[in-house]
Amino acid sequence: MSLFADIGGEGAVNAAVDIFYGKVLKDDRIKHFFDGVDMSRQAAKQKAFLTMAFGGPHNYSGEDMRKGHAHLVAKGLNDSHFDAVMENLGATLTELNVPGHLIAQAAAIAESTRKDVLGK
Amino acid sequence: MPKIIYGGQSYDCEDSSVLDCLTAQGVSVPYSCRSGLCQTCMMKAVSGNIPEKAQAGLNDALVAQNYFLPCVCNPQEDIEVILPDVTPGKIQAHVSSIEYLNADIIGIKLKPALPFEYRPGQFINFFKDETTVRSYSLASVPELEEDLFLNVRKVPGGLVSSWISDNLKPGDTVTISAASGNCFYVSEKPEQNILLIGTGSGLAPLYGIIRAALHHGHQGRINLYHGSYTIDGLYLTEELRKLAQSYSNFSYSPCVSEGETDEPIRQGMVLDVALQDNPSLKGWRVFLCGHPEMVKSAQRETFFAGASMRDIFADPFG
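Chains as they are written, first to last, in the numbering used here: chain A, 1 to 120; chain B, 1 to 318.
Chain B on its own, in the form it takes in the complex (with noise of 0.2 Å):
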């Protein structure tokens, strides 16, 4: 009979749903429709295999990350599965580089002491000490570089980012959180086009998007427009114009909202430039970083411009 570990128990799990058996003794997991549709009940399976029944539905990146609907899967084999809020592990980093990339994003370069998953766009925690924490995303493509890449962007008073600026040296010895978060490229579906939208360090994830999707030869457009309020707040720009000019399929459109600006520098709004360039997103994968009243305005408004909701993938931060 397949058994099912979740919290350090171990339940018997006889023709039943993992939903059913948990709850049938006694153990508290949210659910609503117990239809494999709501998604209230979602758990990550973290060994044993899940019937591909119980992902349907799901997002790419949840199926990705053996994200899972209990209410719908009988197991077939022992299993191990948690709930997603779970606090990640924490591991050790060393500092291999930081410098300014602008006047207010501070590049990270950090060699984890273990090796260390994760998926391009997706961020870590990064912990000044036990209970100051600020959580960063990923610029970095694993199979690209041995770094991760941070943009961490300095914020008047902030106990980390200022921490960060003023303390930390290249060799120091930092604690980070094993990866975590749901706005990452996954390879299936090549031909489809993508489209992201940051602002400010925003740009962070996108950038390892990006490069992830270009190493696996992606064959859709890859079009990639990044919000500033002023010139002086885009960063990365010579590399992201060396990549367009390297890809014909990938195209980099800096915007900024305020003050006049020369080609090819993009005038207003960030959000407002991609939809005018990309008015009809029907079929398109979108992401959607930064400035967390950009990112709720940009999924609505990709969505209304024909994007279905589970192509939409948005981390919102400020």
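Isolated chain A, as found in the complex (with noise of 0.2 Å):
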């Protein structure tokens, strides 16, 4: 079994989107990144992001990655930011009852981004 199925696939997503999208906008940390973004836009975004960390299918590359933060990067996206939404989908996951050894795999998975996003 993949990772996606294991995690619950499409339904796992769609129970942890508003969940997780709630998180970080409530999180002082981060939450100014988001300020004048469409919303609704951005949820289908967070959904895209939770897909792929779940295993799930999805073609993002690591250019892709950075053409789409590259305006967050200008702003002062770092690592402390990074590691505020790594923290909000570990609780998100943890609130669904993910299992410890999943949520790592997800952790891992979304950990593998960072340094296309951070622009490094």
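Please note that a few of the clues may not be correct.
[To be verified] Not everything, but these chain B residues come out facing chain A in the computed CB check (under 8 Å): (1) Ser32; (2) Cys33; (3) Arg34; (4) Ser35; (5) Leu37; (6) Gln39; (7) Arg221; (8) Tyr247; (9) Asn249; (10) Ser297; (11) Phe303; (12) Phe304; (13) Met309.
[Claimed, not checked] Here are the computed distance ranges between Cβ atoms for each label pair: (14) Asp232(B) x Ile109(A): 56 to 64 Å; (15) Thr261(B) x Ala107(A): 50 to 58 Å; (16) Val73(A) x Glu238(B): 50 to 58 Å; (17) Lys67(A) x Gly26(B): 18 to 26 Å; (18) Ala107(A) x Asp232(B): 50 to 58 Å; (19) Gly217(B) x Asp83(A): 47 to 55 Å; (20) Ser2(A) x Ser187(B): 36 to 44 Å; (21) Tyr100(B) x Asn97(A): 54 to 62 Å; (22) Glu111(A) x Val174(B): 54 to 62 Å; (23) Ser297(B) x Val73(A): 26 to 34 Å.
Simulated from the structure, these hints should not be mistaken for laboratory data. From the three backbone atoms N, C-alpha and C, an ideal C-beta is built for every residue, glycine too.
Fit chain to chain and form the complex, with the hints in mind.
Right under this line is the structure:
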């Protein structure tokens, strides 16, 4: 079985997206990056991110990640903000009672994008 | 082999997604995730059937208008597609009536010269001339009335609203666009509770949405909060009170943010009052229209109160 199937597939993504996005928007460390964005469009992007982290089908390349976050790096996006997102991801999965070893796998996938997201 | 019609050209599409087919042939269209998730590449089908899979994850309003995700759409038949921001066509309409609904808001009824399809809550563009255009929401319901009904706020020095208030009279011909926008009622989930929050002439689309929902026999709660600075800014109050008397699942709460008020008018910012009354919005559908700052805060606050992002429909205009 793949991580995506183990974690609950698309149903798990749908359950997670509102919880995760809620945590991100309430997080004083990172919420300012979302000022002025279209909330419904952003929710779709959060869903794409979670699908990727859950080992689901995606076609994002490292280059896509760089381009997509370059405007945020210009605004000061750094490791501390990436850590905050990682924390929110873990807390979301814990809240959904996902077993620890699967959370670790999802976290590892998300972690693998760090360099590209931060434009390093 | 299915064909894709896009931008006046025809493209053969064999065993490929609409997005792959178009980009492979050098057509430049926006996209990002290519997995049916991020919605960057969203298009609208104007003819032909779209496989259900290509609409997974889109909200009901988008599905109802044949929007789909070309990156996960392998067409089984010929389809014609457009990008979502293509300017809608223009048509002529005749002014049936024009009257002030309060000191600042003008109610205009228009009879389109041709059959006119729309959903209550969508907006049209209203042309003073080729280049002077404003968007106004539709407060009318096609199943209930023939005329289109607009609520135009008279903006001091406003080019279009001043022209409307000073020059327009019954019998005049005006140019409008076809209707567009995603803030409207769909009759699926009739048991779902609905919260509507509007300020000023942001009441217009909500008035259409509410009457459409009641006309379709909506079963869940329909709670409307209309905000204004002062009591003079409220309008359609009699019509809304009558609806609240006729339908036990509909409530109308006018709110004013400045000055003392008496029952049944509530004192306070409309968003605060609405959230005090409805602190938990899990499973609710939410419509937000009016002042952009209010709409932005309300999107956030109603989401924090438990409404799912895909159930929040917003129409900010100032």
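Of the numbered hints stated previously, which ones are contradicted by the structure, given in increasing order?
The structure conflicts with hints 7, 8, 9, 10, although it agrees with all the remaining ones.
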